[in-house]
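Keeping the supplied structure of chain A fixed, place chain B upon it in accordance with the hints.
In the order they appear, the protein sequences are chains A and B. If you're matching positions, the first sequence starts at 2 in this note's numbering and goes up one per residue. If you're matching positions, the second sequence starts at 6 in this note's numbering and goes up one per residue.
Be aware that one or more of the hints could be misleading.
If you want the footprint, here are the derived chain B segments under chain A, 3+ residues with CB under 8 Å [claimed, not checked]: (1) 33–47; (2) 58–67; (3) 74–84.
Here are the computed lysine to aspartate or glutamate pairs in the DMTMM-like style, where the Cα-Cα straight-line distance is at most 20 Å [unchecked claim]: (4) B:K98 / A:D328; (5) A:K10 / A:D32; (6) B:K70 / A:D240; (7) A:K296 / A:D284; (8) B:K51 / A:E301; (9) B:K51 / A:D306.
Simulated from the structure, these hints should not be mistaken for laboratory data. Small disclaimer: the values here were computed from a predicted structure and weren't measured. Note that beta-carbon positions come from the ideal geometry of N, C-alpha and C, so glycine has one too.
Spelled out from the first residue to the last, the chains are:
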Amino acid sequence: MASGELAAKTVHELRALIARGTLSPLDLLEDLLARIERVNPSVHAYLAIEPDRLRQQAAIQLREAPRGGRLHGIPITIKDNICVRGEETSCGSRILAGFRPPYDATVIERLRQEGALILPRANMDEFAFGSSTENSAFGPTRNPRASGLDRVPGGSSGGSAAAVAADLAVAALGSDTGGSIRQPASFCGIVGLKPTYGRVSRYGLVAFASSLDQIGPLTKDAEDAAILLSVIAGHDPRDSTSAPVEVPDYGALLKEPPKGLTLGVPALPGAEGLSPNVRAAVDQALEAFRSLGIKTVPVELPHIDKAIATYYIIATAEASSNLARYDGVQYGRRGQLQPRAVRRRAVRVPPACRAAVNGSRRGAGRGLPQLPDGHVPGHAQPGVRRRGQAPHPPGHLRPLAGLLRRVLPEGDAGAHAHQAGV
Amino acid sequence: MTVVTPEIVRQVALLARLRLEGQALAQLAAQLDEILQYIQQLQAVKTDSVEPTSHVLPLSNVLRKDEPGACLSQETVLALAPATQRPFVTVPKVLET
Numbered sequence: 002m003a004s005g006e007l008a009a010k011t012v013h014e015l016r017a018l019i020a021r022g023t024l025s026p027l028d029l030l031e032d033l034l035a036r037i038e039r040v041n042p043s044v045h046a047y048l049a050i051e052p053d054r055l056r057q058q059a060a061i062q063l064r065e066a067p068r069g070g071r072l073h074g075i076p077i078t079i080k081d082n083i084c085v086r087g088e089e090t091s092c093g094s095r096i097l098a099g100f101r102p103p104y105d106a107t108v109i110e111r112l113r114q115e116g117a118l119i120l121p122r123a124n125m126d127e128f129a130f131g132s133s134t135e136n137s138a139f140g141p142t143r144n145p146r147a148s149g150l151d152r153v154p155g156g157s158s159g160g161s162a163a164a165v166a167a168d169l170a171v172a173a174l175g176s177d178t179g180g181s182i183r184q185p186a187s188f189c190g191i192v193g194l195k196p197t198y199g200r201v202s203r204y205g206l207v208a209f210a211s212s213l214d215q216i217g218p219l220t221k222d223a224e225d226a227a228i229l230l231s232v233i234a235g236h237d238p239r240d241s242t243s244a245p246v247e248v249p250d251y252g253a254l255l256k257e258p259p260k261g262l263t264l265g266v267p268a269l270p271g272a273e274g275l276s277p278n279v280r281a282a283v284d285q286a287l288e289a290f291r292s293l294g295i296k297t298v299p300v301e302l303p304h305i306d307k308a309i310a311t312y313y314i315i316a317t318a319e320a321s322s323n324l325a326r327y328d329g330v331q332y333g334r335r336g337q338l339q340p341r342a343v344r345r346r347a348v349r350v351p352p353a354c355r356a357a358v359n360g361s362r363r364g365a366g367r368g369l370p371q372l373p374d375g376h377v378p379g380h381a382q383p384g385v386r387r388r389g390q391a392p393h394p395p396g397h398l399r400p401l402a403g404l405l406r407r408v409l410p411e412g413d414a415g416a417h418a419h420q421a422g423v
Numbered sequence: 006m007t008v009v010t011p012e013i014v015r016q017v018a019l020l021a022r023l024r025l026e027g028q029a030l031a032q033l034a035a036q037l038d039e040i041l042q043y044i045q046q047l048q049a050v051k052t053d054s055v056e057p058t059s060h061v062l063p064l065s066n067v068l069r070k071d072e073p074g075a076c077l078s079q080e081t082v083l084a085l086a087p088a089t090q091r092p093f094v095t096v097p098k099v100l101e102t
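Looking at chain A on its own, in the form it has when it is part of the complex:
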């Protein structure tokens, strides 16, 4: 097959080809590497690719992985904040440049157990702070859907999203705290899913806001997202916040017709600034849901206007605790500092203040209407912005309420902008 064609296929298509014996995993890897070499310099979805090292590792992984794995021989691209044993994991930051974790994150272990080949170092906003992947210390990623490459791919998992969209990856993992999977998936016109908090182990994910972070898949279609989630989900004794709840076979569930579902449709927050194309895509999606026999009811989200303020207290306070470790003692660059009588300290949010904020977080969940299945659709973002433009205000209610969020591509959002997500 011609170079680069294979990476345009989905996980389930490639899995079938490999299982039938018509495709060898090493040929697939070669095909992908050839395309990365050709296209990555302009898109910059990967920070670094070491082809020889990857070939070597792939041979070892294929030898050691048990036969019949659900991802046998499929390369999975990994965001630069998920620890891969022996591979540089820098979080898009010079502070962690050169850091090679001595262990695998739980999600990496699970991918390996199913025979996947690990393809590290998708670009990201530094320490996952950002929503455009312009804030990587190693240069921005560009949105491959924009012909002039003059649009942002979204972020912070912009490298993962751009890689999947440009067929530089079959499928990828990213992480999402306040939209970092869903928003880039939306901008790049692919499928992105932030699992319910606790569904996927955070062990080995470099922490941003520990009570909000989740690892999730970025894929070419919903079936691939279901396959990846089935592999990475599940309880992990090494993450005390992971949920001891059984993992269903999401792939099998996809094939069942949706029955007895009711969707709550909120008045879209920030709807004044919404691009008409995005609004049309959301309406079209609702129409598609209705044609499948799903009931839709209008709902109100009484606390939505407090979501961003609440999010920014929780996220920044947790981030400041988590990032205090990069003080140059255990990790990070050591500058020439004059010793002082004071030490750098993390910002402390007083307990009373924290209690109040967490109270309003619970309120966020309460304000959502009680629907039998708890689905509340909304748009992922008002539209795709140009590089360097000011970001859109994000919608941060759902992570606070601990709900599952997913983005499915919903057609072209406009002549210049690209995909809208629901």
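Then chain B, alone, in the frame of chain A:
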């Protein structure tokens, strides 16, 4: 009401080891003040009757069995440190003697 003064920004910058000069102090003071005022809207939320929660799942006191297991070797861990004096990690001096 202005809460964040350039003097406060100067103090925070010192603690964070950030070098900020001239215009930047006044500019950041104004921006930080704006952020705090935005956050102030949460004061209007009545949370007296809401039980505080730090986690969206009903999990508490999650403990594992206190049993020794495999862990990283001292060698492996020290190899990650920027400077060592075995078996210790050498750290920059931060306090005056």
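Now the hints, each set against the structure:
no.	hint	result
1	33–47	holds (count 5)
2	58–67	holds (count 7)
3	74–84	holds (count 4)
4	B:K98 / A:D328	12 Å, holds
5	A:K10 / A:D32	12 Å, holds
6	B:K70 / A:D240	14 Å, holds
7	A:K296 / A:D284	14 Å, holds
8	B:K51 / A:E301	19 Å, holds
9	B:K51 / A:D306	14 Å, holds
The structure fails none of the hints (numbered hints given earlier).
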